[in-house]
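Given only the sequences and the hints, what does the whole structure look like? Please build it.
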Amino acid sequence: MSDALFKYLVRLADDTVILSHRLGEWCGHASHIEEDVAMTNISLDLIGQARNLYSYAAEVEGKGRDEDQLAYLRNEREFTNLILVEQPNGDFGKTMARQLLYSAFMLPFWEAMMASKDKQLAAIAAKAEKEVTYHLRHAAEWTIRLGDGTPESHRRMQEGIDELWMYTGELFVKDEVEERLIEAGIAIDPESLRGAWERTIEEVLTRATLKRPEDGWMHVGGRNGVHTEHLGHALSDFQYLQRAYPDCTW
Amino acid sequence: MHEERTSSTAPSNRQALAWAAVSEVVDPEIPVLTIADLGVLRDVQVEQDGSVLVTITPTYTGCPAMNMFEMDIQLSLAKAGFDKTKIETVLHPAWTTDWLTQEAHDKLEKFGIAPPKGKAGRRALFGEESVNCPKCGSSHTERISEFGSTACKALYRCKDCAEPFDYFKCI
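Line order of the protein sequences matches chains L and H. Quick note: the first sequence uses the numbering used here, first residue 1, plus one each step. Quick note: the second sequence uses the numbering used here, first residue 1001, plus one each step.
I should point out that these hints are in silico values taken from the structure, not numbers from a laboratory. Treat the hints with care, as some may be off.
Covered, in the sense of this in silico footprint (three residues per stretch, anywhere, with C-beta under 8 Å from a C-beta of chain H), are these stretches of chain L [what the hints assert, rightly or not]:
hint : segment
1    : 46-59
2    : 118-128
3    : 131-143
On the chain H side, residues computed to face chain L include the following (Cβ under 7 Å) [to be verified]:
hint : residue
4    : P1028
5    : V1032
6    : A1036
7    : A1094
8    : H1140
9    : E1142
10   : I1144
11   : S1145
12   : F1147
13   : I1171
Label-pair distances were calculated between CB atoms; the ranges are [what the hints assert, rightly or not]:
hint : chain 1 : residue 1 : chain 2 : residue 2 : range
14   : L       : W217      : H       : T1089     : 42 to 48 Å
15   : L       : C27       : H       : E1129     : 25 to 31 Å
16   : L       : H230      : H       : T1089     : 30 to 36 Å
17   : L       : K174      : H       : H1092     : 24 to 30 Å
18   : L       : E34       : H       : E1024     : 31 to 37 Å
19   : H       : K1119     : L       : G216      : 31 to 37 Å
Model, not experiment: these values are computed from the prediction. Where is the CB? At the ideal position from N, CA and C, for every residue including glycine.
Below is the structure:
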C-alpha cells in the first residue's frame, strides 16, 4: 500500500510543480503588473502544495530522499503529471484555459480529499482547497472577460479551450494504483468528480459565450510517464541548476 | 548571562518566558501583527531538557514568510536564553482568517490593510465581498486583482478617496 501511496502523492506533486513552473514563466511577461503578481502568487500556492506532497511522498517512501531530490533529480519518464499541465503557456487566453480546466477539477478534488482516511493528505487538502477556490475564480473571471470581450479575445479564448480539450480526458483516468487507494478510502475516484467539473465548465463557458468542444480523442499517458515533447523542455529549465551544479545550496 | 538567568527560573516561568519571546515575532510583510495575533503560532513547550518545541502552522502552503518566522523564532528564543529550539510545522487544523483576533483586525485597519470580512466558508464561484476602504471607511470600493502583494491579500481601490489598498482575504 505504501508503494501505491508514494506513486499517488508523486503524481499530485508533479501536477502542481509543473503547473507552478509554467505559471512562473509568466513572471515579468504578463500584460500588466496585477496579472504578473496574480500568476506568480498562484504559482507560489502550487509550489507550497508540491512541497507538502513531495515531502510526504519522501517520508512514505522511506529511502532517505527528500522533496528536492524528488523534484529536481528525476527524469522526464519518471514524471507522472497530467499532460494538461505541461502544455506551453501560449497566449494569456490559453494559459487561463489551462487554469480553468485544471482548477475546476482540483476544487472538488481537494474538497473530497479533506475526508481522506490518510490524515496527512486530508490536512494538505484542507489548505489546498482554500487556495484553489481563488485560482478557479481567477481563471473563470478571465475566461468570461475574454470570451465575452472583443472578437479577437473571443477567438483566442475559444482557441485556448479547443486546443487543450483533448487533454482533459486524463483528469478522469484511474489505474490499479488509484483503485487500491480508492478502496482504502485514501484516494478520490476521479469519476465521482465529473459532474462537478462539467457543471463548472458549462457555467463558465456559457457566461463567456464560448462553445464547449466536442469530446473526441483524448490524449493520455502522463500518469505512466509518457509525455508530450513539452515536458522535457520544461524540465531542462526547471532542473537546470541542480543538474549543472549538483547539491548546490544557497 | 542569559543562561544563568533562565536556569534559575522555575519551570512555569520558563514556559511563560519562552512563550513571550516567541509571540513577539512579527510578520515580515505585516509588521503590526505578531505570529500570535495571526494564529500562526500554535504552541510553545519547554521540554525536560530545557529545549523549546514551537509549533506553527502556515497561512498559505507556499507562504515564503514561514522560513523567516522560523529564523526569527530561533533568534528571539536565543536572545531570551533558550539555545535549543525545535520548530514543527503542522497543517491541521488548517489556518483560517477566523483566527485573527479583533485586536488584529484593528491593527490591520490602522496599518492600511482592510481586514478580512465575515467568516471563512464556502463561497460562490463569482461572489465578491464588499470591502471598506481602510483609509476613509467608504464601502464604495472595487477589486483590482484577486492577488495582491502577498498570497494572503487582494488588491482593491477606493472609488471615493481614490486610494489603492490591500485587502486581507478571507480563507
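Hints and how they fare:
no.	hint	result
1	46-59	holds (count 6)
2	118-128	holds (count 8)
3	131-143	holds (count 8)
4	P1028	violated (15 Å)
5	V1032	violated (22 Å)
6	A1036	violated (20 Å)
7	A1094	holds (4 Å)
8	H1140	violated (20 Å)
9	E1142	violated (12 Å)
10	I1144	holds (6 Å)
11	S1145	holds (4 Å)
12	F1147	holds (4 Å)
13	I1171	holds (4 Å)
14	W217(L) <-> T1089(H): 42 to 48 Å	holds (44 Å)
15	C27(L) <-> E1129(H): 25 to 31 Å	holds (28 Å)
16	H230(L) <-> T1089(H): 30 to 36 Å	holds (34 Å)
17	K174(L) <-> H1092(H): 24 to 30 Å	holds (27 Å)
18	E34(L) <-> E1024(H): 31 to 37 Å	holds (34 Å)
19	K1119(H) <-> G216(L): 31 to 37 Å	violated (44 Å)
Checked against the numbered hints given earlier, this structure breaks hints 4, 5, 6, 8, 9 and 19; the rest are met.
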